[in-house]
Each structure stands twice: as C-alpha cells, then as structure tokens.
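Asker: With these hints in hand, go ahead and build the complete structure from the sequences.
In order, the protein sequence lines correspond to chains A and B.
Taking numbering that gives the first Met the number 0, the leading residue of the first sequence gets 0, the next gets one more, and so forth.
Taking numbering that gives the first Met the number 0, the leading residue of the second sequence gets 0, the next gets one more, and so forth.
Just to be clear, a hint being listed does not mean it is correct.
A pair holds if it fits inside one copy or across any two, identical chains being indistinguishable in the list.
[Claimed, not checked] Cross-link-like lysine-lysine pairs, in silico, DSS-like; alpha carbons within 27 Å at most: (1) K93 with K362; (2) K187 with K108; (3) K49 with K400; (4) K362 with K108.
In case anyone wonders, no lab produced these hints; they're calculated from the structure.
There are 2 protein chains.
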Amino acid sequence: MQALPGFRDFLPGDCAGRNYIFSRWRDVALRYGFVEWDGPILEPTELYKKKSGPEIVTQLFSFADKGEREVAMRPELTPTLARVVAAHEREFKKPLKWFSIGRFFRYEKQQRGRLREHFQLNCDIVGEAEMAADVELVALAIDVLRVFGFNEHDVIVRISDRQFWTDFLQEHDVPVERWDELMQIIDKSERESPDKTAEKLGKLADPVQTILSRGGKSEKLDRVVNDLRARGLANFVEADVRIVRGLAYYTGIVFEVFDRTGKLRAIAGGGRYDNLIGQLSDGAVSMPALGFAMGDVVLGEMIREHPAAREKLEAAVRAGKKIDLYIVIAKEERRGDAMAQIQALRERNYKVDYPLLPTKVPKQFQTAEQLGARVAILFGDEWPGVGVKDLATGDQQLVSKDDLLTHLERMLR
Amino acid sequence: MQALPGFRDFLPGDCAGRNYIFSRWRDVALRYGFVEWDGPILEPTELYKKKSGPEIVTQLFSFADKGEREVAMRPELTPTLARVVAAHEREFKKPLKWFSIGRFFRYEKQQRGRLREHFQLNCDIVGEAEMAADVELVALAIDVLRVFGFNEHDVIVRISDRQFWTDFLQEHDVPVERWDELMQIIDKSERESPDKTAEKLGKLADPVQTILSRGGKSEKLDRVVNDLRARGLANFVEADVRIVRGLAYYTGIVFEVFDRTGKLRAIAGGGRYDNLIGQLSDGAVSMPALGFAMGDVVLGEMIREHPAAREKLEAAVRAGKKIDLYIVIAKEERRGDAMAQIQALRERNYKVDYPLLPTKVPKQFQTAEQLGARVAILFGDEWPGVGVKDLATGDQQLVSKDDLLTHLERMLR
Chain A
0 MQALPGFRDF
10 LPGDCAGRNY
20 IFSRWRDVAL
30 RYGFVEWDGP
40 ILEPTELYKK
50 KSGPEIVTQL
60 FSFADKGERE
70 VAMRPELTPT
80 LARVVAAHER
90 EFKKPLKWFS
100 IGRFFRYEKQ
110 QRGRLREHFQ
120 LNCDIVGEAE
130 MAADVELVAL
140 AIDVLRVFGF
150 NEHDVIVRIS
160 DRQFWTDFLQ
170 EHDVPVERWD
180 ELMQIIDKSE
190 RESPDKTAEK
200 LGKLADPVQT
210 ILSRGGKSEK
220 LDRVVNDLRA
230 RGLANFVEAD
240 VRIVRGLAYY
250 TGIVFEVFDR
260 TGKLRAIAGG
270 GRYDNLIGQL
280 SDGAVSMPAL
290 GFAMGDVVLG
300 EMIREHPAAR
310 EKLEAAVRAG
320 KKIDLYIVIA
330 KEERRGDAMA
340 QIQALRERNY
350 KVDYPLLPTK
360 VPKQFQTAEQ
370 LGARVAILFG
380 DEWPGVGVKD
390 LATGDQQLVS
400 KDDLLTHLER
410 MLR
Chain B
0 MQALPGFRDF
10 LPGDCAGRNY
20 IFSRWRDVAL
30 RYGFVEWDGP
40 ILEPTELYKK
50 KSGPEIVTQL
60 FSFADKGERE
70 VAMRPELTPT
80 LARVVAAHER
90 EFKKPLKWFS
100 IGRFFRYEKQ
110 QRGRLREHFQ
120 LNCDIVGEAE
130 MAADVELVAL
140 AIDVLRVFGF
150 NEHDVIVRIS
160 DRQFWTDFLQ
170 EHDVPVERWD
180 ELMQIIDKSE
190 RESPDKTAEK
200 LGKLADPVQT
210 ILSRGGKSEK
220 LDRVVNDLRA
230 RGLANFVEAD
240 VRIVRGLAYY
250 TGIVFEVFDR
260 TGKLRAIAGG
270 GRYDNLIGQL
280 SDGAVSMPAL
290 GFAMGDVVLG
300 EMIREHPAAR
310 EKLEAAVRAG
320 KKIDLYIVIA
330 KEERRGDAMA
340 QIQALRERNY
350 KVDYPLLPTK
360 VPKQFQTAEQ
370 LGARVAILFG
380 DEWPGVGVKD
390 LATGDQQLVS
400 KDDLLTHLER
410 MLR
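Answerer: Here is the structure:
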C-alpha cells in the first residue's frame, strides 16, 4: 500500500528538510513582527464557495460529514482568516500582522510543482489601507527567499497594480460587470496566442497590446519600488502590469515571485484584497487587508536546483540528525549506573542514545559514529570513573561520574 | 460563521500555547534519540479497516474522493507507520526510533477532552523485541510529562502486561478466538457494574475478580518497574493488570497515563504491538514494534489546572510574543534611513517592528511597550546618531548608526 496520489510520506530525512523550511519561514515572519495563528483543516464548504464561486467545489476535497454538513479540506487560508478576523478583530490592535504555516489540499491533476497535499506559509496584514503595508509585505516575501540563500539573480518579484487596469477599463468606458472577465483575458494573455487574445478583447485589443508590450505607468508601483530601494531590495522587483492575478478579489498591488530561469511555476503570490473580509463576513466587518502565500513544493524544487540553497538545507538536515552523546556500556554490570547517568544527561537536554541490548564495544563505537555523536561516554572497569571520548579528535579522558555534567558542559557548550 | 463543531481556531495566544506543547514534545523525543517523520493527513480508508475492522468507519471522516477512491482523514498514526515502515525499513538501521507531531481526526460526540480535530505526539520503536525497548518508551512518556512541570504526585503511569491475561486465558483453557472478547470485558470492568461483568465472564468471573481486586503477578512488569527505578522514575509507575487496553492488537506491555486526581481522561496510552506491522503489510514485513500517543487536548486541560505547569506555559507564551526592537521614527525625513537600518537589524535575526505611518512619538513608545520590545531606537534630529533606549531600565544613549549593530549585540546577547 502506498500513499494516495499527490500525497507525500515524510521519512526522517524528508521531514528534516520540511522542518528546515518551516523554521526559516517562521524566523523571517517573526523578524517582521508577525505573530503565528492557525485554523482548522476542515471548514464548511460554503466558506470557499462564498469567496470563489460554486465551481471551486470541483477542485476541493469536499464531502458531507456524518452530521450531513457540507465540509471541505482547506484549499487556502484566506477564507478562514476572514472568518476568524471578523469574529475576533476587536481583541487586537490594528494592523494585525499574522502568519501561519500549515497543510492545504486541492483535488487537481498531479503535475510538476503541484500536489494534492502541500504546505504553505501565509502572511497577512489586516486593517491597514496605506501602501506602506504593501511594501512591508513584499519585503517580507523577498526576505523569506533570501533566507534560503537566493539572491536577486535567482528570483524576481513581478509587481503589478490592479487599479492600473481598473483605471484603464474605466477610461475606455467598459462597464464594471465586464471587468473580471477582461482581467482574466489579460491574465491569460502570456499563455495564449496574440490573435486569440485580440479576438477576445475586441476594440480594447490595441490599447491593451500597447500596454502589454511597452509596459504601463503606475505611480503606486513606482513608489513601491522606491521604498524597496531604501531597504536595498529594489533589484529583486520589477514593476510589470502584465501580472494581474486571475482572482477577482484583488483590489490593489498584486505580486508573484518567480525563479529567474522561468523554469518553475510561481513560488509565491499575493496582493491586496480590501473588500474580501467584508464580503466573506456578509458585511459584519469591513477591513482593508493584504497577504501572500508561498508553498513548499516549488520552493523545495528550487532549493534542490540551486547548489548554495541546497547546501544550506543539507547542512541543516545533517546537523539536526546528530545526537550529542552516545553511551558505551562496556560492562553489563554498569548498565544500571549508565541508565541513571543517561537520565541525568537527558534532563540537561542533551540528545543521548545507548545500546538497548548487550553489544560488543567496537560495534557500540561504530553506532556512535553513525549517529553523529560528538562524544562517547564509556561505562566499564573504571567506574565510578567514565571514559569521555571526543569522537572528532579521538581524545579520551577519565572523568569521575560526579564531574561528568560539568566536564561535558565545558566540552560542548 | 464559526469553525465546525469539534474544530478549533488558534488565535495567536492559543497558537503560541500549542507551539509550546509541540516544542516540548519535540525536545524530549530528540533527547531520547528519536527522529521525526510524518505521513499524509488523508489515507485510503482500507488502511484503517484493515487494522480496526469495518466498524471503524462510523468514527471516521471518510468519503469517496473525486477519483472514486475511498479515503479517510487519519484518526491515528500507527497504520501509516506500518505502511511506511513496510515500504522503507531496509533503508534504516534497527531499531527505528521515530516520533511525529500532527493532526488527527475522529467523528465523535463532542465531550470534555475529546474533539474532532486534535494533535498528537506519536513515539514508536520498531524492530526491537526486547523489554529494554518497552522501558525506554515508558521512560520517554514520563519525561514528556515531567518537562511540562508535572511530578510523581501529579501523574501516574499504569502499566500492564497483555501476556499476563493471555497466559491466564490459556491456563483456563479458553479458546484463542474468545480472547479478544474477554479482554474487552475485563477492559470495561472498571466502568461497569460487577454483576454485569460477572455475568459476561461466566465461569471465569471468580478468578478474574480475584485478580482485579488483589492484583496479579507479572515478572515482566516487575522488571519494567525495576529498570525505571534505576532511572529514578519508579514513583511515576504502578503495575496494574486491570489495564488491558481495548485494542486487540496489543501483544505485551501496555500502559496508560493519568492525572492522579482521576478527573481527566487518559493523557496518553500505548504498548507493544508485535504482530501489527506484519498484519497491515499482508505479511510483507514482520517486525516487533511498540509505541504510544499523547494528545494535546487532555494535556492542555491538565496544564491549565496545575499552577506550576500553567505558569511555565504562560511564561513561554509571553516570551514568544515579545519583539526585540521597536523603531521610533521621530522625524519623517529619517524614515528612509530607518528602513535601511530595520532591514539590517532583521537580517541579524532581531524581531523588529516600526510604525507603518507617521505617528506621534509618545504613541510610538506606547506601541513599543505593548509589543514587549526590549529596546526602542529613535530616529530623529541626532541623525546619523540614533537614540537607543533600554525599555526596562529607561536608560538612553546616543549611538552612531555605524556602531548600532555592535552596540545592540552587547546590550542584548
């Protein structure tokens, strides 16, 4: 029996790699003053329909539970955020700067960079309408990538402004009800033939083509890039109005992060969604908000393809695998004494292992090395003294059991 | 809209409490030389039926996915462990000492200590038939509780031996096919009237009653208690053959952990299941194994009820909430310079926050205190000097921007 298609088992090495990604995500979010929160894995299906329309159900792991509730395994976090913020926003000072790390599920065709179960970092700022929040969020997204060892030659944040397009549509007297449709045509234009796009756009084809080829002017985007320059991050970004992001609910700055080679799918994406919390809470609470999500799958592929990033991950995995101390029991009469010391050492938070069964001494030293122990401690004839061996240098000293903790403290800390 | 019944939202304070529990769980498992792994949240329903019989489905969040697969949200980890170990055991040295921290789901009536979504620590040892592994596992379970601040007056591990009962049934010529049924009657006897139990047990009623009232003798149990004594943990355990654990697949030592007051449900439980991996892998791989699981719900209740444990948790939550540095922007002309410093400080892994918008200086200091900052750094008239204020003592110094990092390093590390 195997895992279901699109689902992963995390053997210890994989799990250590995953934990490395989580811990870097968490570090950077905390540096930015974000606080961690989380929601349930299962939510009422209605929550997702409300945001994305009834057709979303075809991409969900959704079902009726034993109490006849229509439920879905969460495909994204934003609807839960809106639900939780609407219920609790009065308890917190604005803006909220919240992040979360967790599992998400989509029933979709398996392909490179897409799985049915994956992990995401979500970072959101709620309750701040000013552009300074957009800049802070983009900077955070950039720093999350830099912490893995990527630089401005590896990744690019393409930033756009939905308002640039709504202004454009307004100038061309396009009725509001057609905006979503036209935005989606523009969003897809990079992946479709110019003729097909032109046909769909009708009389807007020419002006849109001009913008798509020459770029567009947005003061907002200029300001974002400028503010990122003050932080030394301008080389990571590119104002590019061709990014519109398909989702209808974005209202301002939107952005997507790519590897510069263009080989992979977007690593992260997000933007401002000022009306969504109001809409999802049926108007109970209306608050400006913005956020981004970064998945572990494309990021993991990118880390594996970049030697420097890969080495950082592998070094972390190697370090995490190592134990501190291996206890060599050379005389079985000393096992009880060894167990008492093992207990004391573990209480000091050392990672300690030992042979569960009587084992030849050379075999025990071999295990000590396989487990990456820094020190082996030998319980044998010298009791109440123990042999303390530095496994890197080979140095061995006889230490009285009463001095063992102090001795190790000096050696290892 | 609320979370589904039995599911929890984790606001930042709740999430910090949850992370505290996870990080203590992880610490202790690592001390014992366990390595972390994980599996998917969704598995083929068959995996659970195979272990627990078809009736398990009534307690599962199970459904047919869009590809017509019968799938279930995992109620426990052991079947996944058996699946993964059967597929990969050759890649690892025995015994495997694996732990995992994750979410589990059961569709059941909500009641105190039981939710539909909860978290569990799972620790398993695979590939070791000797009792030394059982002792190691029980010691780990005890130390996981001690790390939260519980002592031998707070918790008790009741240890039993399934083999004691199988020996008993054999002596009384009970056919093997009735063993499971009789074990379950004995398991339930504490919660049922003696008459009803006697009726169900028939001619075994008297000898069973004798054992349940006077206790039973098991050399194995004596050895476990003795070995725990060498570690100083004997006062945490009690040999008690009345614990049989309902589940049919246990084959040797079994144990359950309770609070001494008896007010709460079991905090953790586990035991040896030497035949399960073979059974779940259709005989492909047969390996002795043992493990335990501890949930976050009862543990969380117990922590809240014990002042010392509660204070440890709250101190961790308070510490986790604090930022290191708050940047006070006294002159808006200095915002760009402040942003460059903020970037540099965050790269040093300091947790840094600042006002996104122009804000009066006293208000900024107030925010700094609310966020628990240790130091406020003031950007104003003294540029390129900045005011560095220790918010605990009120001391303030003027520091050149070029010396800021070194100065903070000295102050904070």
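Asker: Are the hints correct? Go through all of them and say.
Answerer: Evaluated hints:
no., hint, verdict
1, K93 with K362, "between (60 Å within a copy, 14 Å between copies)"
2, K187 with K108, "within (19 Å within a copy, 48 Å between copies)"
3, K49 with K400, "neither (66 Å within a copy, 50 Å between copies)"
4, K362 with K108, "neither (49 Å within a copy, 52 Å between copies)"
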